[in-house]
Amino acid sequence: GGSDRKRKRKSRWGAEEVVDKTVIPGMPTILPANLSKEQEQQYLLHLQIEEISRRLRTGDLGIPMNPEDRSPSPEPIYNNEGKRLNTREYRTRKKLEEDRHKLVQEALACNTDYKPPADYKPPVIRVND
Amino acid sequence: PGLNLNQGSGPITEVLCLMNMVTPDDLEDEEEYEDILEDVREECSKYGIVKSLEIPRPIKGIDVPGCGKIFVEFNSLIDCQKAQQALTGRKFSNRVVVTSYYEPDKYHRREF
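Top line first, the protein sequences correspond to chains A and B.
In terms of this note's numbering, the numbers along the first sequence are unbroken and rise by one, the last being 129.
In terms of this note's numbering, the numbers along the second sequence are unbroken and rise by one, the last being 1112.
Be aware that one or more of the hints could be misleading.
Straight-line Cα separation of at most 30 Å, DSSO-like style, residue types lysine-lysine; simulated pairs [said to hold, decoys possible]:
no.	chain 1	residue 1	chain 2	residue 2
1	B	K1060	A	K21
2	A	K115	A	K21
3	A	K121	A	K21
4	A	K37	A	K102
5	B	K1091	A	K121
6	B	K1082	B	K1106
7	B	K1060	A	K95
8	A	K95	B	K1091
9	A	K37	B	K1091
10	B	K1051	A	K37
11	A	K95	A	K121
12	A	K37	B	K1082
13	B	K1046	A	K21
14	B	K1106	B	K1051
15	B	K1051	A	K21
16	A	K115	B	K1091
17	A	K83	A	K121
18	A	K37	B	K1106
19	A	K94	A	K115
20	B	K1091	B	K1060
21	B	K1106	B	K1091
22	A	K121	A	K102
23	B	K1091	A	K94
24	B	K1082	B	K1051
25	B	K1060	A	K37
26	B	K1082	A	K21
27	A	K37	A	K21
28	B	K1060	A	K102
29	A	K21	A	K95
30	A	K95	A	K83
31	A	K102	B	K1091
Listing some non-contacts, in silico: residues in chain A with all C-beta distances to chain B over 12 Å [to be verified]:
no.	residue
32	G62
33	P72
34	N86
35	A109
36	V127
Which residues of chain B face chain A? A partial, calculated answer using Cβ under 10 Å [said to hold, decoys possible]:
no.	residue
37	G1010
38	G1089
39	E1103
Calculated directly from the structure, the hints in this document are not laboratory data.
This structure is a prediction, so every number in the text was calculated from the model and none was measured.
The beta-carbon is built from N, C-alpha and C at its ideal position, and this holds for glycine as well.
Take these sequences, add in the hints, and give me the full structure.
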């Protein structure tokens, strides 16, 4: 868009340190003040969905490096080969998938033309367990 | 989709609206609310003088306007602009911070 031309020339030097900012392509985080409540709400839903998709795709799961900062783990569950199934990564991904599913449902309720991200799959609903 | 956001922020005001940082659930608990208030005040004070701060809290059975948003009134336009540039896109409890300027008249009338 036209904003590219207005932007000041950027140095070719990369950032010295990793900045604690997230850039989601095509989804600016500065909004104009004149959006309607509906536009704003929809945009925030879409942004959250894209952000969760990015985290799932890149493995940026937000698991604290320091084990002391992590929440307590549930009892481990193992498969018949002795491999742990409910690892923290598994639980975190599952939670993100669930959050994303909820957000996609909300986005579709606001706008039936909404197209969820290509890597989104609705959860498999088992009719009888 | 159908929404052109490349127009930027629009006119600068002294009131910054912070979105996507908290959910109404986060604000129910008194202690958590106080913590959030403190976190926001402390961080925003790095960029200028915070004149006032509003975090609309949920009330059972009522659809509270602006609940989920945080409004910060700065002493000057330049402070507010600095805060926006610094805070937008940052993470707050793993959520991406979205910002916009807010009309001071609406803010003072508590039209959130």
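Comparing the hints with the structure gives:
A threshold of 30 Å between alpha carbons decides the hint, and for K1060 of chain B with K21 of chain A the separation of about 34 Å lies outside it, so the pair is violated. Note on K115 of chain A and K21 of chain A: the hinted pairing holds, with a Cα-Cα distance of about 26 Å set against a maximum of 30 Å. Between K121 of chain A and K21 of chain A the CA atoms are separated by roughly 27 Å; this keeps the pair inside 30 Å, and the hint holds. Taking the CA atoms of K37 of chain A and K102 of chain A, the gap is about 20 Å. The hint holds against a cut of 30 Å.
For the hint linking K1091 of chain B to K121 of chain A, the alpha-carbon distance of about 26 Å falls within 30 Å, and the restraint holds. Simply put, K1082 of chain B and K1106 of chain B have alpha-carbon atoms about 22 Å apart, close enough for the 30 Å limit, and the pair holds. Of the pairs offered as hints, the one joining K1060 of chain B and K95 of chain A holds, with about 27 Å between alpha carbons and a cut-off of 30 Å not exceeded. Between K95 of chain A and K1091 of chain B the alpha-carbon distance is near 18 Å, which keeps this suggested pair within the 30 Å criterion.
Between K37 of chain A and K1091 of chain B, the direct Cα distance comes to roughly 23 Å. Compliance with the 30 Å bound is thereby established for this hinted pair. For the hint linking K1051 of chain B to K37 of chain A, the alpha-carbon distance of about 26 Å falls within 30 Å, and the restraint holds. Restraint check for K95 of chain A and K121 of chain A: the C-alpha separation of about 14 Å stays at or below 30 Å, so the hint holds. For a cut-off of 30 Å, the pair hint linking K37 of chain A to K1082 of chain B stands: about 25 Å separates their Cα positions.
Restraint check for K1046 of chain B and K21 of chain A: the C-alpha separation of about 17 Å stays at or below 30 Å, so the hint holds. For the proposed pair K1106 of chain B and K1051 of chain B, the alpha carbon gap of about 16 Å is at most 30 Å, so the pair holds. Using a Cα cut-off of 30 Å, the hinted pair K1051 of chain B and K21 of chain A holds, with the two alpha carbons roughly 26 Å apart. Among the hinted pairs, K115 of chain A with K1091 of chain B is consistent with the structure: their alpha-carbon atoms are about 26 Å apart, no more than 30 Å.
The hinted pair formed by K83 of chain A and K121 of chain A meets the criterion: a straight-line CA distance of about 26 Å does not exceed 30 Å. Note on K37 of chain A and K1106 of chain B: the hinted pairing holds, with a Cα-Cα distance of about 14 Å set against a maximum of 30 Å. Between the alpha carbons of K94 of chain A and K115 of chain A the distance comes to roughly 21 Å, so the proposed pair stays at or under 30 Å and holds. For the hint pairing K1091 of chain B with K1060 of chain B, the CA-to-CA distance comes to about 28 Å; that is within 30 Å, so the pair holds.
For a cut-off of 30 Å, the pair hint linking K1106 of chain B to K1091 of chain B stands: about 27 Å separates their Cα positions. Annotation: proposed proximity of K121 of chain A to K102 of chain A holds, straight-line Cα distance about 12 Å (limit 30 Å). Distance hint between K1091 of chain B and K94 of chain A is fulfilled; the C-alpha atoms sit about 21 Å from each other, no more than 30 Å. For the given pair, K1082 of chain B sits about 15 Å from K1051 of chain B by alpha-carbon distance, which is consistent with the 30 Å threshold.
Of the supplied pair hints, the one linking K1060 of chain B and K37 of chain A holds, its CA atoms being roughly 21 Å apart against a limit of 30 Å. A hinted pair counts as satisfied when its Cα atoms are at most 30 Å apart, and K1082 of chain B with K21 of chain A qualifies at roughly 15 Å. Distance hint between K37 of chain A and K21 of chain A is fulfilled; the C-alpha atoms sit about 25 Å from each other, no more than 30 Å. The straight-line distance between the Cα atoms of K1060 of chain B and K102 of chain A is roughly 22 Å, inside the 30 Å bound, and the hint therefore holds.
For the hint linking K21 of chain A to K95 of chain A, the alpha-carbon distance of about 22 Å falls within 30 Å, and the restraint holds. Between K95 of chain A and K83 of chain A, the direct Cα distance comes to roughly 21 Å. Compliance with the 30 Å bound is thereby established for this hinted pair. For the suggested pair K102 of chain A and K1091 of chain B, the alpha carbons sit about 21 Å apart, so the restraint of at most 30 Å is met. Distance check on G62 of chain A: its Cβ comes as close as 5 Å (rounded) to a Cβ of chain B, failing to clear the 12 Å threshold; non-interface status is violated.
Listed as a non-interface residue, P72 of chain A keeps its Cβ farther than 12 Å from every Cβ of chain B; the least gap is roughly 18 Å. Annotated as non-interface, N86 of chain A keeps its C-beta farther than 12 Å from every C-beta of chain B; the closest such distance is 21 Å. Every C-beta of chain B lies more than 12 Å from that of A109 of chain A, the closest at about 16 Å, which supports listing it as non-interface. Against the 12 Å criterion, V127 of chain A stays outside the reach of chain B, whose nearest CB is about 31 Å from its own CB.
The interface hint given for G1010 of chain B holds, since its Cβ lies 4 Å from the closest Cβ of chain A, which is under the 10 Å cut-off. Taking 10 Å as the C-beta contact cut-off toward chain A, the hint placing G1089 of chain B at the interface holds, the least distance being around 4 Å. Because the smallest distance between the Cβ of E1103 of chain B and any Cβ of chain A comes to about 6 Å, under 10 Å, the interface hint for this residue holds.
Checked against the numbered hints given earlier, this structure breaks hints 1, 32; the rest are met.
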